[in-house]
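Student: Here are the chains, one letter per residue:
There are 2 protein chains.
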Amino acid sequence: MSNSAFEPVTVVLDWGTTGFRAFLVRSDGSLVDQKEGERGIQSIAKGEHGRVVSEALASWRAGYGPLDIVAAGMIGSRNGWIEMPYVPTPASAADVAAAARTEGLPEGNRITFLPGLTDPTGFPFPDVMRGEEAQLVGFGLDRDIIVVLPGTHAKWAEIRGGHIERFRTFVTGEIYATLADHSFLSKVATAERDHAADAFAEGVALAQEESTRAGGLLTRLFAVRTGWLAGAIAPDEMKSRLSGLIIGWEFVEARTGGWFKEGDTIAVVGDDDLVEVYGRVAENFGVKLAPAPADAAIRGALTIWRRHRLAAK
Amino acid sequence: MSNSAFEPVTVVLDWGTTGFRAFLVRSDGSLVDQKEGERGIQSIAKGEHGRVVSEALASWRAGYGPLDIVAAGMIGSRNGWIEMPYVPTPASAADVAAAARTEGLPEGNRITFLPGLTDPTGFPFPDVMRGEEAQLVGFGLDRDIIVVLPGTHAKWAEIRGGHIERFRTFVTGEIYATLADHSFLSKVATAERDHAADAFAEGVALAQEESTRAGGLLTRLFAVRTGWLAGAIAPDEMKSRLSGLIIGWEFVEARTGGWFKEGDTIAVVGDDDLVEVYGRVAENFGVKLAPAPADAAIRGALTIWRRHRLAAK
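Residue numbers (my numbering), protein chains in the order written: chain A, 1 to 313; chain B, 1 to 313.
Source of the hints: derived by calculation from the structure; they are not laboratory data.
Treat the hints with caution; some may be incorrect.
No distinction is drawn between identical chains; accordingly, a pair holds when it is met within one copy or between any pair of copies.
Simulated crosslink set (DMTMM-like; lysine to aspartate or glutamate; CA at most 25 Å straight-line) [claimed, not checked]:
(1) K35 / E48
(2) K35 / D295
(3) K35 / E107
(4) K187 / E83
(5) K261 / E209
(6) K187 / E48
(7) K187 / E38
Just so we're clear, the structure is a prediction, and the values are computed from it rather than from any experiment.
Work the whole structure out from these sequences, hints included.
Tutor: So, in structure tokens, the structure goes:
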């Protein structure tokens, strides 16, 4: 730790509902250290967030001096630390940086909250994201391309002319998790086999089936149960089948909504596991995949923070 | 109770996952008495069901002599008392009656289990129902008509030529309940206002919106959250809005699947509250409503049971 005080570092903070992860990174985004904590934003009383984060990062403060912390996502939501505004699309990295806000913390630390994004063309209400804008900036806004960001509330975003042009939310992960944990399926489904890839692929194929007899999503979902009753789906394949069906359905809806057509190139950005899974589904729908960095969220948060710091000087 | 032993009565038993209701009825279906119990089929060990039901109905046994009990629905499922077969569609009331099965119980009672129905044209697996076949028979199979049966797993059934011709399941109630109780929405939504009819109607209207910008179901569901963020939906309106959206979406999918078109006459059969709600949605979709008896399940169970008894003599 002897030279550490001379190494310029930044903390990228991912503080969500049920816990937080903090990444200590160099200016090029490379990782020095990381921490995880179990205290989510909703478990902390208003006014206590600053003390909690300063305590959690005390060892880094001791080694590197006062810390610059960059926080994107739900920590800046109505239920978080402070409610940050939403920047309307189309939005450049500079637009996002201009709406960021820096606060002093105990022990000389500083925290910069990033804003969220809103798409005023959302129907019937403006669509919203918090955190994904950092991932998109980290992916890069220099190519015109569609980017999918998997998650509880998956986003499809269009990047055009150096801006995040528009985006739309799909509640894919939410539907999967609530059905897997709290439905007819949860009473029967067991932990998944290690390689339930076939079951996942069959779920995707069911989403892709275009005949009227397949019905809509509300009907296809029931096929996870009828397949089990028919002895065609084992309890340890049901969740993979459900996952393939719902993610496949997200692609069906995205295609109908004009987000891609067969032969297009799209990117998938997010956590490694979901990126791999979404990449497979994308191939099933005949789209080419643009490579994306694994650490887009960290890179993007740093990029926005630097622009914010420069503008503030 | 002096004359009760001379009054021919039957018990219609609705024994589900979390409790049971028993109806003591005359031969015309009119109600003499009813009981409710909290012991669902899943809380009872194999081999104990007969004792439990005989004890629960002991006072009726004492007043009316040995009881004939008719049981439809989940009590005859894989997780119930005994697993009854599924009768394939097209199926008449006589076909259903022929697959029923009568067992002796303690104290001279007898129980007749009704079978379920399966539609082999279900894709990719045969569709199934348990209990709704009694409602359909109680509604009547003498008119050619489409009947909607709201519920956790709502059914659309076609009655034609005295048969239940085909049916399809929509997991409407399941999606509503899991999202209302376990999603992003459950953290914000409060108990509903007494008259959130406007919010319900707006949900239906969102389901009916045909422009591409409205997106598919996975996107429209997020609008319950974005509407709250935009200050346009109050916490005590969110569940009504969600309900309107999902039931409306069931009608959208049913229309796409060829179950009805504007101007058709359909029937809605089930519990009073849901029948009223589905009736309102049906009107929004421009369909006329055929009247349906409120006690279709009891009438149907009795009708099937009588045919079964006649055939057994």
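Student: Can you list which hints this structure breaks, lowest number first?
Tutor: none
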